Amino acid sequence: MKLTGAEIIWECLVREGVEYVWGYPGGAILPTYDALSKYQNKIKHVLVRHEQGATHMADGYARATGKVGVAMATSGPGATNMVTGIATAMMDSSPIVCITGQVASGVIGSDAFQEIDITGITLPITKHNFLVTDLRELVTTLRKAFFIARSGRPGPVLVDVAKDVQNASIEFEYPTDAIRLPGYRPAQSASVQQIERAVEMLLKAKRPLILAGHGVNMSGAERALLTLAERGHIPVALTLLGKGAVPESHPLCLGMMGMHGGASVNQAIQGADLLIACGMRFDDRVTGNLKTYSPNSKKIHIDIDASEINKNVKVDVGIAGDLRTVLEQLLPHVPVMQHDEWMSEIREWQRDVDHRDIVNQTPPTDKLFAAHAIRDLWKATGGNALVVTDVGQHQMWEAQYYLHERPRTLITSGGLGTMGFGLPAAIGAKMGCPNDHVWAIVGDGGFQMTLTELGTAAQENININVAIINNSYLGMVRQWQEFFYEERYNATPMHNPDFCKLAEAYGIAAIRVTNRAQIPEAVAKAQSINGPTVVEFRVEEADIVYPMVPAGADLHNMIRRPNNIPDFTESH
Amino acid sequence: MKHTLVALVENEPGVLNRVASLFRRRNFNIDSLTVGRTENPNISRMTIVLDSNVTRVYQVEKNLYKLVNVISVQEVTQRPFISRDLALIKVVCAPEVTATAERFGARVLDQTDGMCVIEFAAEESRVEELVEALRPFEIVELVRTGVVAMGQGGVVTRVEPDWATA
Ligand SMILES: Cc1ncc(C[n+]2csc(CCOP(=O)(O)OP(=O)(O)O)c2C)c(N)n1
Ligand SMILES: [Mg+2]
Chain A
0 MKLTGAEIIW
10 ECLVREGVEY
20 VWGYPGGAIL
30 PTYDALSKYQ
40 NKIKHVLVRH
50 EQGATHMADG
60 YARATGKVGV
70 AMATSGPGAT
80 NMVTGIATAM
90 MDSSPIVCIT
100 GQVASGVIGS
110 DAFQEIDITG
120 ITLPITKHNF
130 LVTDLRELVT
140 TLRKAFFIAR
150 SGRPGPVLVD
160 VAKDVQNASI
170 EFEYPTDAIR
180 LPGYRPAQSA
190 SVQQIERAVE
200 MLLKAKRPLI
210 LAGHGVNMSG
220 AERALLTLAE
230 RGHIPVALTL
240 LGKGAVPESH
250 PLCLGMMGMH
260 GGASVNQAIQ
270 GADLLIACGM
280 RFDDRVTGNL
290 KTYSPNSKKI
300 HIDIDASEIN
310 KNVKVDVGIA
320 GDLRTVLEQL
330 LPHVPVMQHD
340 EWMSEIREWQ
350 RDVDHRDIVN
360 QTPPTDKLFA
370 AHAIRDLWKA
380 TGGNALVVTD
390 VGQHQMWEAQ
400 YYLHERPRTL
410 ITSGGLGTMG
420 FGLPAAIGAK
430 MGCPNDHVWA
440 IVGDGGFQMT
450 LTELGTAAQE
460 NININVAIIN
470 NSYLGMVRQW
480 QEFFYEERYN
490 ATPMHNPDFC
500 KLAEAYGIAA
510 IRVTNRAQIP
520 EAVAKAQSIN
530 GPTVVEFRVE
540 EADIVYPMVP
550 AGADLHNMIR
560 RPNNIPDFTE
570 SH
Chain B
0 MKHTLVALVE
10 NEPGVLNRVA
20 SLFRRRNFNI
30 DSLTVGRTEN
40 PNISRMTIVL
50 DSNVTRVYQV
60 EKNLYKLVNV
70 ISVQEVTQRP
80 FISRDLALIK
90 VVCAPEVTAT
100 AERFGARVLD
110 QTDGMCVIEF
120 AAEESRVEEL
130 VEALRPFEIV
140 ELVRTGVVAM
150 GQGGVVTRVE
160 PDWATA
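Protein chains in written order, with numbering that gives the first Met the number 0: chain A, 0 to 571; chain B, 0 to 165.
No lab work stands behind these hints: they were computed from the structure.
Since the structure is predicted, the reported quantities are computational estimates derived from the model, not experimental observations.
Everything hinted at is true.
If the Cβ cut is set under 8 Å, some of the chain A residues that face chain B in the computed set are:
hint : residue
1    : L122
2    : H127
3    : G182
4    : A305
5    : K310
From the derived model, a few chain B residues whose C-beta atoms are all more than 12 Å from chain A:
hint : residue
6    : R78
7    : M149
8    : G152
Positions of the beta carbon are idealized from the N, C-alpha and C atoms, including for glycine.
Go ahead and model the full structure; you've got the sequences and the hints to work with.
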């Protein structure tokens, strides 16, 4: 059967099991959009409002489901608009495939209209990318793209397809043989010696601690990890993207580590005599000062990416392999252990944290603190929502006060910290997980970077709830200004539109929350509406995320919350 | 310490760009990088010389592996190996020039317009010695190819022939 390149693109997507494509048309990709007519019953194309939105939607879908998300755009500006989304997916190892149109192969290099070297631009921010100028290579290239995106350490792959390739026709045959990528061999499992050395250290440890990262969720290692923790009586600290790796209600789960992690968690890291790092990469946001990081511990590091081992933190045993496979190799050698003394020491630290915690205090007035808003949202959603955040203070409060019980229920831009990620990623996540209640928790700043996707949510009637934590500030930056720049609040106060009216202009139901008492009802109402909703939380403007390890400081030198909630009225 | 890595890569457009981009992005400083053809038309061979500690070299190696087009990476410095750097050195002709060249076993390849071009292929350090020896004679132009290296005898760096027909 003869098909055009454009049709072949859709055929390949169908065979990869693609359900959705998020995209935006334009000249160089028009042949492919034209061919969509034939495939509309097999793949749903969602028209976004900005190509960055398409990439975040594909990313949100990928993180929520573990499947590859697909975004599509035209050449030139369409392709460059994808750059932020691709970089976001790269930093957090999210499997997406971006298909862009390119000018006809004959004019490549001539600065033709809307020609841009997008494979050049995205070279350092993709796991791999391809330029297709020969129709005979289209099928193999697309197969490789999906395979590379989803296997090993997942990541974004871009396929740039020249317009003439989309237009030309060829006999279509879908190969069934294995994909040949001689230079691509993702790490698999541990060697016997590595397991032996790891077990040896584990048996000697008196103060062991597991550091659980994104890799746990991605490799489906949560069961193996929990078994290790329970059998070995080992507490677990989570990275931001590791939330959900073990149920946060579990007594061995300590919560989040790092810059805004729990003080007790960071204390445990500094006091441990063995760290078992699982699918995490010792990012500077979790280590603080590397010179003083967990000074007395032996370290075992398991990660799918060999180049992560010894990159930031020198380890004693480095195992490059699939986390689940390696943990399952390890488990038969792990006996039942007890570390009661260690645990009670940690409990002591936790008690101090609980005592200071803002959610255990009653605010003096009917002020609404973001921490309370998020804790109440957690309660009102039964702790069971799929939450997607944007970037800023609200993101950290989410991480601190929304406890996650299952993997893939917190989706957030960790590595790149991309403002504007929240709303579009939530749309993608909801489409991937239609049975989950999906909440986007966004700041007033980041929301305005991609709020245009409210249009997409409205058009497709995507049943998401958007919680805007409105503090009328670029809060996280304001916090740094307060701590480190002598309170010079340059370029952080924001005059915002009426977010409820804005939502309503899109035909989206909106609720405003100004005090704590309104939260349960607002949440219930938002969830009962079949379609997108916006809930605006008007929160304290000058609030601070505690505790905080200043950038580059020692992990144990945290700025702690003062014992009582400060009265903010005077500072305004 | 100097380490020499040999990478076999797919002979495709853009691969050199990927490798160069990786070194730039990761801030890996390299002494020299050469690319050339091999016994297999589908494969190019890169020789990379780094002056780094072992951990850094390990990082370079692992990061090279992450490039999809890189098929294998080996540190040849670990095993018996030979290496050559080829230099063309143009100096103002003088009797001592020829004598110096001969002492090193280098060849005077060309003599035109009162200048001679000396050709010398040897280990990098040896080439450097010759360059120093010639410096007093006014070096007009100098070019070096960068190091290529190969394991001795049974120390072979090549891909299995079975995948060659991609
Ligand atoms: C695209 C982008 N630009 C700038 C930043 C720097 N930045 C990090 S947090 C932040 C403030 C976010 O403000 P808002 O969205 O209102 O959230 P809040 O911190 O107030 O909760 C900024 C500007 C960023 N992370 N991403
Ligand atoms: Mg804000």
